[in-house]
Amino acid sequence: MRALFKHHAGTELKLATDRPVPQPGPREVLIKVNKAGICGTDRHIWEWDAWAASRIPVGIVTGHEFVGTIIKVGSAVTRYQAGQRVSAEGHISPGTGYNARTGNAHIAENMVILGVDRDGCFAEYVCVPEDNVWPVHPSIPDKVAAVLDPLGNAVHTVMAADVSAKTVLITGVGIIGLMAVTVAKAAGASRIFVTDVNAKRLELAKRLGATEAFNTYVAPPPREPTGRAASPTSTTPEWIKEIRKATRGDGPDVLLEMSGHPAAINDGFTALRMGGTAALLGIPSMPFTFDLTNHIVFKAAKVLGINGRKMFDTWYQMEELLLGGRLQLDEIITHEIPLEKYAEGFRLMQSGEGIKIVMNVG
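Each residue of the sequence shown is one higher than the last, beginning at 141 in this note's numbering.
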């Protein structure tokens, strides 16, 4: 079969044409992949950064966002059959341990991740456990079904923060941040403020339902005659003042941090009202300085760390939002390309020209 895999401990991926078709275990299903989404994790693997080098085994088939059709089931599978159109939760829980047995399987110990720890979906066929299969409703198109994984991240973040009738600040409108805009609007947020350094994405965020969008790009400080950069000022950014002015002087009720950028995180907490709620999905690339005392303790902020999707609460919420026609995703899924043009897909992602790229595999 054709499969995109990590062929060496370095940049890029390679397309094989003779990879063996995997065979399902007793409680697994074999799925013929139709479409697969390129994720930020896949970009890390493509670029072979420090995280990828420490985590990804050479030879693995990558990818974890997909939709396809079951073509074979294991001998002990009872809930699914060949011919069903499905997606799957990419976090594979061991099924044992405290979290796995108390409704928190998404953060279970010894989690195995599709396309990271075992062969993923950038291939014509993929095997997943029966417990991870998600049947796709007939009215949900393939290109949307292929990106349920990142959409689930957005839904989990928004729903955890209880945004109904509240003002919301979303810091970072990349793929999942943009999805969070349309999810927050559907979930009843009263007003949505967004920040980013990309003007194109800020405009899209407004079309998706953001009330106001703020470009937080800051030019590098001018250099002093000595050649050293001038010391930056520590004044409150103007956009924070604007949001406070629009919210009775308090600041937003909810912060959804999607960027992982240190400045965005610190500024987001500065903007958040006293007693507000912060849901954090963005992952910083390295440790940074954070004012815990003023941002959380004295502010009495409620802080929620978000990891993946709740299994399967988030999936049911996602499906209902989609079936109700509440979400706008067409402008977020910007490109569909053949699997053979995978390198172009990663280029589009790296350049910022594309937002969400879906590969046609089947």
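If you are wondering where the hints come from, they were derived from the structure by calculation, not from laboratory data.
Note that this is a predicted model, so its numbers are computed, not measured.
Using N, Cα and C, we set each Cβ at its ideal position, and we do this for glycine too.
Check the hints yourself; a few may be wrong.
Stated by the list, open to error - The following label-pair restraints were derived from C-beta to C-beta distances:
hint : residue 1 : residue 2 : range
1    : F430      : R183      : 33 to 43 Å
2    : V337      : P234      : 22 to 32 Å
3    : G464      : P427      : 39 to 49 Å
Stated by the list, open to error - The calculated lysine-lysine pairs, modelled on BS3-like cross-linking and capped at a C-alpha distance of 30 Å, are:
hint : residue 1 : residue 2
4    : K385      : K346
5    : K481      : K439
6    : K154      : K172
7    : K306      : K439
8    : K306      : K346
9    : K439      : K385
10   : K381      : K439
11   : K212      : K306
12   : K306      : K340
13   : K481      : K212
14   : K154      : K283
15   : K481      : K442
16   : K481      : K283
17   : K481      : K306
18   : K283      : K212
19   : K385      : K340
20   : K340      : K172
21   : K346      : K381
22   : K306      : K385
23   : K381      : K442
24   : K385      : K172
25   : K283      : K385
26   : K283      : K340
27   : K340      : K481
28   : K481      : K154
29   : K212      : K154
30   : K212      : K172
31   : K212      : K346
So, going through the hints one by one against the coordinates:
1. F430 / R183: 33 to 43 Å: With Cβ atoms ~26 Å apart, the hint is violated.
2. V337 / P234: 22 to 32 Å: violated (40 Å)
3. G464 / P427: 39 to 49 Å: 41 Å Cβ-Cβ, so the 39 to 49 Å window holds.
4. K385 / K346: Holds - the C-alpha atoms of K346 and K385 are around 19 Å apart, at most 30 Å.
5. K481 / K439: The hint is violated at about 49 Å.
6. K154 / K172: Since the Cα atoms of K154 and K172 sit roughly 20 Å apart, the hinted pair holds (cutoff 30 Å).
7. K306 / K439: Status holds; Cα separation ~18 Å.
8. K306 / K346: Given that 30 Å is the threshold and the Cα spacing comes to 18 Å, the pair holds.
9. K439 / K385: Satisfied, since the Cα-Cα distance of roughly 19 Å is no more than 30 Å.
10. K381 / K439: holds (17 Å)
11. K212 / K306: With a Cα-Cα distance of about 47 Å, the restraint between K212 and K306 is violated, given a limit of 30 Å.
12. K306 / K340: Holds, at roughly 26 Å.
13. K481 / K212: It holds: about 28 Å lies between the C-alpha atoms, which stays within 30 Å.
14. K154 / K283: Between K154 and K283 the Cα gap is close to 24 Å, so the pair holds against 30 Å.
15. K481 / K442: violated (44 Å)
16. K481 / K283: The hint holds at about 17 Å.
17. K481 / K306: violated (43 Å)
18. K283 / K212: Holds. K283 to K212 sits at ~23 Å (cutoff 30 Å).
19. K385 / K340: holds (25 Å)
20. K340 / K172: violated (36 Å)
21. K346 / K381: Roughly 20 Å separates the two Cα atoms, so the pair holds.
22. K306 / K385: Roughly 16 Å between the alpha carbons, so the hint for K306 and K385 holds.
23. K381 / K442: holds (22 Å)
24. K385 / K172: violated (53 Å)
25. K283 / K385: violated (40 Å)
26. K283 / K340: Holds: K283 and K340 sit about 22 Å apart, inside 30 Å.
27. K340 / K481: holds (25 Å)
28. K481 / K154: holds (11 Å)
29. K212 / K154: Holds: K212 and K154 sit about 27 Å apart, inside 30 Å.
30. K212 / K172: holds (9 Å)
31. K212 / K346: Violated, because 44 Å separates the two Cα atoms, which is more than 30 Å.
The structure is inconsistent with the numbered hints 1, 2, 5, 11, 15, 17, 20, 24, 25, 31, although it conforms to all the rest.
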